[in-house]
Amino acid sequence: MSKATQNTWKLLRTAPPTAWFGLIMVSIYIVVALLAPIFAPYGETEVVDVAGLSIGDNPSFLLGTDHIGRDVLSRIIYGARNTVGLAFITTVLTFAIGAVMGLLAAVLGGWFDQILSRIVDVLMSIPPLIFALLILTIIGTSVINMILVIAILDSTRVFRLARAVGMNIVVMDYVEVARLRGEGLWWIIRHEVLPNISAPLAAEFGLRFCFVFLFVASLSFLGLGLQPPTADWGSMVREMATLITFGLPTPLFPAAAVALLTVSVNFVVDWFLHKTSGLKS
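Residue numbers 1 to 281, in UniProt numbering, belong to the letters of the sequence shown in order.
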């Protein structure tokens, strides 16, 4: 067993129960998302109950069926692939934009920093959900458009963090020495700045994933996210919301999937922040 593996197991053994719960649940979500066709008893859009609205009275449908007879459990499983996968891709793009721009602003400073910072201030002054609804209404609600809009709007938060922590590093002596040696801009960012701010950026990635994940679910709930018949947790809640009036808890299942993943990721992020901050239990 390598030293890195030993250190990982040692770190996991000291993790609190909340962190273990979060890690286990996140792992389950990942496995289910990757192997959705294997775990789902029925197809994503397959109508399996012509009577519809079945719950609890048919063992073939563990969580019942929706308003048109599709198996809710199968759609929740496929929804993990669609919703979580889309949120992850969007979060990666968010960091690619925000972190790079933030580090460039911190290292270059001057007019480049001032221009980017003022643009970010303007974007952050507008409520992101309202801004996203406006833009998507104008340009259309395709998946690519939604990813780009959310990534650009949310990258402003990453920019502010990367710029703030980066500015604390660029004033250090070893960065100045690297500049005197003639090292280039990207070399300084990769080898001097980025390694020293990786912990807060990693924690921010987890938090940002939660926000993006909820953002995607909110847009889908409002009808501007993933479009039917694609399984998506936000749109599933919207489609089945009226079933609550009939005493059917069906809409609560995708809502619970959203809440459970959000709580689990936050547990892991809290533990990671606690370890990287050097605080003692």
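What the hints contain is simulated information worked out from the structure, not anything from laboratory work.
Check each hint, because a few of them may be wrong.
[As the list claims (entries may be wrong)] Have a look at the derived ranges for each label pair, beta carbon to beta carbon:
1) R190 to K275: 48 to 56 Å
2) I144 to R190: 28 to 36 Å
3) S142 to V122: 31 to 39 Å
[Stated by the list, open to error] Using 20 Å as the maximum straight-line C-alpha spacing, the simulated SDA-like pairs for lysine to any residue come out as follows:
4) K275 to L222
5) K275 to A259
6) K275 to I68
7) K275 to I24
8) K275 to N196
9) K275 to A202
10) K275 to A256
11) K275 to G109
12) K275 to P16
13) K275 to F21
14) K275 to W187
15) K275 to A15
16) K275 to P200
17) K275 to T18
Predicted, not measured: the structure shown is a model, and the values here were computed from it.
Virtual Cβ for every residue (Gly too), placed ideally from N, Cα, C.
Hint check:
1. In this structure the supplied range 48 to 56 Å is violated for R190 paired with K275, their Cβ-Cβ distance being about 24 Å.
2. At roughly 29 Å, the beta carbons of I144 and R190 sit within the given window of 28 to 36 Å.
3. For S142 and V122, the Cβ-Cβ distance of about 26 Å falls outside the hinted range of 31 to 39 Å, so the restraint is violated.
4. Restraint check: the Cα-Cα separation between K275 and L222 comes to about 38 Å, which exceeds 20 Å; the hinted pair is violated.
5. A distance of roughly 25 Å separates the Cα atoms of K275 and A259; the hinted pair therefore is violated under the 20 Å criterion.
6. A C-alpha spacing of about 48 Å is found between K275 and I68, which places the hinted pair above 20 Å, so the restraint is violated.
7. Restraint check: the Cα-Cα separation between K275 and I24 comes to about 18 Å, which is no more than 20 Å; the hinted pair holds.
8. At most 20 Å may separate the alpha-carbon atoms for a hinted pair to count; K275 and N196 meet this at roughly 15 Å.
9. With a C-alpha separation of about 12 Å, the suggested pairing of K275 with A202 holds against the 20 Å cut-off.
10. Straight-line distance between C-alpha atoms of K275 and A256 comes to about 29 Å, which puts the hinted pair past the 20 Å bound.
11. The hinted pair formed by K275 and G109 fails the criterion: a straight-line CA distance of about 31 Å is larger than 20 Å.
12. Under the criterion of a C-alpha separation no larger than 20 Å, the hint pairing K275 with P16 is consistent with the structure, at around 11 Å.
13. A hinted pair counts as satisfied when its Cα atoms are at most 20 Å apart, and K275 with F21 qualifies at roughly 17 Å.
14. Taking the CA atoms of K275 and W187, the gap is near 28 Å; set against the 20 Å cutoff, the hint is violated.
15. Restraint check for K275 and A15: the C-alpha separation of about 9 Å stays at or below 20 Å, so the hint holds.
16. Between K275 and P200 the alpha-carbon distance is near 11 Å, which keeps this suggested pair within the 20 Å criterion.
17. With a CA separation close to 14 Å, the supplied pair K275 and T18 stays within the 20 Å bound.
Hint check: violations occur at hints 1, 3, 4, 5, 6, 10, 11, 14; the rest are consistent with the structure.
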